[in-house]
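Chains as they are written, first to last, in the working numbering: chain A, 1 to 161; chain B, 1 to 329; chain C, 1 to 289; chain D, 1 to 170.
Keep in mind that the hints were calculated from the coordinates and are not lab data.
Treat the hints with care, as some may be off.
[Claimed, not checked] Within a straight-line C-alpha distance of at most 27 Å, the following computed DSS-like cross-link-like pairs (lysine-lysine) qualify:
no.: 1; chain 1: B; residue 1: K164; chain 2: C; residue 2: K268
no.: 2; chain 1: A; residue 1: K17; chain 2: C; residue 2: K268
no.: 3; chain 1: D; residue 1: K61; chain 2: B; residue 2: K104
no.: 4; chain 1: D; residue 1: K61; chain 2: B; residue 2: K149
no.: 5; chain 1: D; residue 1: K29; chain 2: B; residue 2: K104
no.: 6; chain 1: D; residue 1: K8; chain 2: B; residue 2: K164
no.: 7; chain 1: B; residue 1: K104; chain 2: D; residue 2: K32
no.: 8; chain 1: B; residue 1: K61; chain 2: B; residue 2: K300
no.: 9; chain 1: A; residue 1: K17; chain 2: C; residue 2: K69
no.: 10; chain 1: D; residue 1: K32; chain 2: C; residue 2: K29
no.: 11; chain 1: B; residue 1: K154; chain 2: B; residue 2: K241
no.: 12; chain 1: B; residue 1: K129; chain 2: D; residue 2: K22
no.: 13; chain 1: B; residue 1: K266; chain 2: B; residue 2: K300
Chain by chain, the residues:
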Amino acid sequence: MRSVAKIKDRFKIPGLKSLKVNSNWVFHFDGSGCDGCNAEYIACLSPGWDIERLGFRNTGNPSYADVLLVTGLLDEEAKRGLIEVYEQTRPDCKVVAAGVCACTGGLFDGSKGILSGADSVIPVDLYVAGCAVRPESIIDALMEITGNDTNKGTPEGEETA
Amino acid sequence: MNKSMFETTEYTSRFLQLSEVKDYRQLVYAAERMYGTGGFGNSVAMCTALEGAAEVVIPEKAQYIRTILMELSMMQENLLRLAAIAETLNFDSLSMMCWTEREKILEILDDLTGNRMILSMCVPGGVRKSLDPEILEESLDELNVVMQKAETIKGIIAEDSMVKRRLRGVGVLAKEAAQGSSVTGPGAKGSGVDIDRRMLGEYGAYRNLDFVPVTETGGDCLARCMVKIREVIQSGELIRKAVENMPEGSIRSEMPAGINGEWIAKIEQPDGVDTFYISGSGSAFLDEIGVRTAGESNQKIMDRLENVTLENEALIRLTLGIDSCLKER
Amino acid sequence: MIIKTILSVLAFIVFAPFAGAILTGITRKISARAQGRDGGDITQPISDCIALLQKGRGENSGIQGYYVKVSLFFNVLAGVLFYAGMDLLMTIACLGLGIIFMVIAASVSGTYYSRLGADRLAREMVAAAPMMFMVAIGFYVRCGSFDVKDLAMSGPVAFLPLLGLFAGYMLIPCGKLRRSSFEYRMPHAMYQKDMNSIADAFDRKDAAICEIGSWYEKTVLYSITYLFFANGTLLMTAVGVVCTVLTAVLQGIIENIEPAADGRRAFKSAWLWAFVIGIVNLVIIYIII
Amino acid sequence: MGVMKIGKSLMNSLFAEPETSKYPEGGLKLSKASRGSIVIDEEACTLCRLCGRRCPSGAIKPDRSQSRIMIDRMKCLVCGECVEECPEHALSMAREYVSPDPSVLVDVYRASARVGSDSVLQGIEMPPEEIVSSEEKIPAVSTKEVQRIKRKKKNKKKKKKRNKKRNKPN
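With the sequences and hints as input, model every part of the structure.
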């Protein structure tokens, strides 16, 4: 393999790494929440919003993931599971905490056995607000964390009545 | 109302612990987040219990608004269950069809109340704000589109030979077994037992909307799925009736500072009947809260079903709506 | 002659993955559109695979990496034999070996879902085997030899007399290549949309190689459908190419027509269809033509 | 022959326009009643702390000592309870929702100089003191453990570099 690397350097052939490809893989970790944010992320995969057209792909293996999406209320079992999943992800895999319960524990912060948000377990890169987080803000977050930014949250054009 | 009736039910430890820190007004928001997709029903249950304990009668218009929003939230939850069932059968196109219909109903809820699933519209003593009449008219013809699509989905579930082969005769529950047990919702309606909390008219404007609960006689998974899709169509008609004869008037009545007394409220949810028991002794912080969700009461029926194999077990739990509600909040 | 075969073999090795990826992309796009979704663009499988390769090798690469590479080798070998004009039976045998090594790779990797997927893939292959050999026998009866050279260049078009075999071939590969035809996937959570049960426990690079292997396999299977139309003239090759694209579109639709049949019924129907239609068609050819 | 029952609707959805919304390009469609985020009119606010008492999740915290109001955007359920309770109508509901943020966004607003009376809070019952400050609140994972996880990921990278160096015959 080393000879191939040498040839590549001499003739400056753009290696596979430099190709900019629009395909990001998302791994969805759901704490034992009220299933609201979980249903909203699945709504993103369903025909209503369909993030597959934007190049995102849902995967079941954390080592493939570009983005680790954490939703729902985190308690003891979720903490063990989250740490185990986080250790399998790649070093430059970004973490997005979607929903008020995943960001700061929301309404149930301070309850017995409830962790106040995902940042008390793993380092989080982006927080998304909203109780039952809206699919628009999930798409905003995914687009922003993978580098292609959008018109964040500001309504464009006419607002429907 | 002796307390021993509730010794068997398992209190929600965290819900009870929350009630020490939050007064009854804030607890309605916690009740709403017991299971997010069908949250509005739980907030109506909690508010009915609070109003009952404080002997407060809420205005008629608030009852109508609650009925409309409850039927809309039941429609989207039933469609979510059907999408999950079609997912288990690997029937992706039917599952995606249910998701698109659910998306349309969520848009209506978003226009009416500002939020998609957890509406925070129901407050003790009535409703937070009244529904905008023009948006209500627009959403009615949007509902017609959803109702037609629900008819095609019903046709697919009823006649598709492969779906019938996978669903018929699976997890059969006889009518006598259903009557004798604590199963409610599609589990009971699927086997011909027509119990429906909405008929008693304790909450909402169901007294003036005459309707017959949906029942099927098969008793198996196919009958339960048919009950779910026929309930979606029935909710559409109920909403149209409620919108037509919605009275005018105030939407909220005064609630006392503290709750003195106890009350049980039972609300019909897409998976069954949710029971809320509250008791307070004059202060804003309640003493006793008991919650028995639909999933729990349906759980005890699993050993009375026939023809349950390892392969279909996940399917049966979905049609009965057993593991839909995670109570440990 | 030798240069022509070497050229066609080299063309296969270079262009087959892209052709297979585009066909997979067409199937994915059509099945998304049939569900009302606006699926990604046609070249999405290629960018997915490149994204996986860019991420380099993971930690749990174990022994399944070798089996996946061997399976890729046999899929490529099947294509090489086919485009070199050699024996059709050899190509089908190599395809079978490709799948066998994929099954071993999936069952070696140890997690529950990949073992489930391995069992599913093995059943699919056994269910599809009789139909494939029926097709080979059909070609042999029609023009006297198994070699792809003679089949491609011979006179009358093979589509009409072998119509039954063509329909059977359409159903079995569609059934075989359809992701969920025999799926026993038991979702522990009802929204578990991401368990595709074969490449799930693989390492990143092995999953990409497995994907490329499936592209090669898909091009070989589609070029067999192309063989039904080919008789050397330019017009028929164009018709053949159009028909292979149509089969990709058809698969996108067939995948959504009905839920997964439980294993036993789909297995019986595949064998029943293969023998009844195959024999009836062969008898017709033998007597009439 | 009910096998192809879904075929008809498959066909029309195949040729019809897909139902996905073109969200990032098509701009954000907000309904009139949309509850986006809470906005404060700093002049009208008299720091009477009624909103802090009514908030179900404790997201809005009026602070009299430094005369400021802090709204924790990542804890606010946008339920509208504080907008309703404010006697001075200083709070209102904006329609744009809070966009994703790399940090837990807490907006701090300067309240006006005049401080309102405490009479508003008279009728409100405060939660019993000893329960509010209950210690058995689960201590969050100490930052050391989070660092440990980060370090563990870094040594993995170093280990790879080391193996590369080791099996290179020099």
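Those earlier numbered hints the structure runs against, lowest number first: Violated: hints 2, 3, 4, 8, 10, 12.
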